[in-house]
Structure formats: C-alpha cells, structure tokens
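Trainee: The lines below spell out each chain.
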Amino acid sequence: MDEAALAEVQAKLMTLLSEGAGVEAIREALGGHPELRVWLEWLDPRGVETASVLVKKWGKRAPPVSGGE
Amino acid sequence: MSRPKAGLSLMNTPDFAAAAKSLFEAGMVDALEWSFEIGWSERNPLPPWTESLLDFFSSEDALYGHGVSGSLLSATWTPRQEAWLQRVAEDIQRWPCRGVSEHFGYMAAEGWEAGPPLPVPFVEPALQAGRRGLRRLREVAGAQVGLENLALAMGLRDVWDQGPFLEALLSEVDGYLVLDLHNLWCQVVNYGVSFLELLDTYPTRRVRVIHVSGGSWATAAGGRWRRDTHDGEVPAPVMALLPMALQRCRRTEVVILERLGGTIRTQHEAERFQQDYAAIWEMVNG
Chain A
1 MDEAALAEVQ
11 AKLMTLLSEG
21 AGVEAIREAL
31 GGHPELRVWL
41 EWLDPRGVET
51 ASVLVKKWGK
61 RAPPVSGGE
Chain B
1 MSRPKAGLSL
11 MNTPDFAAAA
21 KSLFEAGMVD
31 ALEWSFEIGW
41 SERNPLPPWT
51 ESLLDFFSSE
61 DALYGHGVSG
71 SLLSATWTPR
81 QEAWLQRVAE
91 DIQRWPCRGV
101 SEHFGYMAAE
111 GWEAGPPLPV
121 PFVEPALQAG
131 RRGLRRLREV
141 AGAQVGLENL
151 ALAMGLRDVW
161 DQGPFLEALL
171 SEVDGYLVLD
181 LHNLWCQVVN
191 YGVSFLELLD
201 TYPTRRVRVI
211 HVSGGSWATA
221 AGGRWRRDTH
231 DGEVPAPVMA
241 LLPMALQRCR
251 RTEVVILERL
261 GGTIRTQHEA
271 ERFQQDYAAI
281 WEMVNG
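Sequences listed follow chains A and B, in order. Taking this note's numbering, the leading residue of the first sequence gets 1, the next gets one more, and so forth. Taking this note's numbering, the leading residue of the second sequence gets 1, the next gets one more, and so forth.
Careful, some of the hints might be misleading.
[Unchecked claim] Short derived list, chain B residues pointing at chain A, Cβ under 10 Å:
id	residue
1	Ala75
2	Pro79
3	Arg157
4	Pro243
5	Leu246
[To be verified] Beyond 12 Å from chain A on every Cβ pair, some chain B residues (computed):
id	residue
6	Pro48
7	Asp61
8	Glu90
9	Gly111
10	Val120
11	Gly142
12	Gly163
13	Arg205
14	Asp276
15	Ala279
16	Trp281
17	Val284
Hint data in this document are derived by calculation from the structure and do not stem from the laboratory. The beta carbon of each residue, even a glycine, is placed where N, CA and C say it ideally should be.
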C-alpha cells in the first residue's frame, strides 16, 4: 500500500460510514488491501456504527473545538 | 521530577467563565490549554477576558496549544492543512506555548474537508503521513509537539495498535503524548480490556500532559457504548485512574480538565465542574 492507496481508503471509508455501511460492507469494499486484513477482521459493529453516526453528524463540518468527538 | 500542575482547557463561553472564575481567583489554575480553533470563529470573536488569560498564561510559560482540525494522519497533505498550519503559526507567534499538540487520527480526505476524528490502521503510509504532519507542525510550533490518544476504536485492532502507533509517530520528532484518560477509559469499557494492560502499550515516558474529562453513554449496534463528548462531569472511575496514570507517567507536567463550552448549564453543573477540578488539584498537590 502506498500513499495514494491510503488516501483512497480513507476517502472511501468516510463515504461508506456516511452511507451507514456496516462491517461486512466495509470489509468487502476495502478487502483488496492485504495490509488491512487484520484491521478489517477485527472491526466491531458498535465501533463502526458509532463512527457512522459521527461522520453523518460532523462530516463536512468541524467537530467540537475542545477536541472531543 | 517536579510535581505536576493542574490546569483547565480554556473555553470562551460565559458558562465556563462563570464556573471557572472562583478557581482562577483562588489561584488554583496553574496552566491553560488552548484549542486554537476556538479563536478562529468570525461570528464569535474572542472576548477580552479570554485574550487576557492567554496573554498571562503564555507570559508565564504555562500555555499549551492544542489543535483539533489538523488531521495529521490524512494520507495527503492538502492546501487546507497548509492554511491550518499558517493560522496555528500566527496564534503561536502571539501566544507562545510550552507545547503544541494535535490528535491521533484523521478527519479529512478527498471529498471530505472535515469530519470527526477517525482511527487509522497502523500501516506504513499512515505512519509516514503522520510523521510528515508532526514535522510540519514542529516547524511552526517553536516548542515540542505532541499527539493525543483517540477514544474511538472501530475494532479491537485499533485498541491495541494505538499505543505502539503513537510511539512510532512521536519518536520521529521526540514528541510528547497527551494522555486522555477518558479516551482510554472509553476503550476499556467498550472493549472490556484492562486499563493497566492497555496503558502499558502506550509510550508513558512521553506523557507530558494528561487530560481528564467526561463523556456520555450511547447505544451502538444494540450495545452500550461510551463516547468522548466532553459534555459531562468526570465519572468517578475515570478520576480513580488518575493516581495510577501519574504513577506510570512520571514526566507529566500538567493535568488538564476539559469540558466543552456551553455544557455547564446549571448551578449544580458548575459546582460539579469546580469539584472535578478541585479533586484533580488535590491529587497533584497532595
């Protein structure tokens, strides 16, 4: 994986989360990167759902300025 | 090793001013942390009392700068980040800081100018991106730079990788760790891991700043989930972690209480904020 591939992964992940994608959809979409295999295996539905809620809430906007989520 | 100080994350809101006033007047606030972005709102220019506090604590070498939206682990360095860096540089020129930190994670990507901080898998290009971001920040900081640990973990791999990832990032610039106890506790309760086992995966010798804050409970995928919302009092289990953390992190300079401006809505909440701070103050001065 190089910088361009990581950039693509980061953008794709934010898009998937904004669409409410679950663990399986994320694994399928990003599964082409062997370096992410273990990370994808260990994804937790609660963590993914929380990330999705946050991206839907704060995506394109700035988060709270004290540094919380 | 000198005793750590106690400090506050400075907010520019009336509720914070009212709740913190007695703490300042009692001489209990040794240091301030300043989130740069608070001062960048064109709609809400900084009130004079905020600027006076920044002037004073900076002149006392007791001001810590803290960025929120730098997104240092984004894969590509963008013009938006360059503009962010310039604004940070301007603030630091006006209010020199003892240290300047940002957050682990990324919040910007192609097509996404801003968002919440998200975890990043521990892969080589992410490490290189983060190191580049820290080097850029160090160029303007005029002080040591650091990173704060992130609460959100999308899976157990994020939980166990973050400490070693932070060490790999910070070693590049001999940087410091802002250890947020509530963030760590979120992972402890969300994933059922041991606090001390997890803390021992972090570069505790790099900790100069400890954050203590509150958060909130939510439901996620049918399960209970702790979130880092900065909008509540410090939970007793988090406060109880502080002595253990101070024991492990012997180079801690300051313990900072964080609470989001606008969330201290009642007299009772103001008193709880003051009690939380007093508990921290007593621990570091006891």
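Trainee: Which constraints among the numbered hints does this structure fail? Numbers only, ascending.
Mentor: Of the numbered hints given earlier, those the structure breaks are 2, 4, 5, 9 and 10, listed in rising order.
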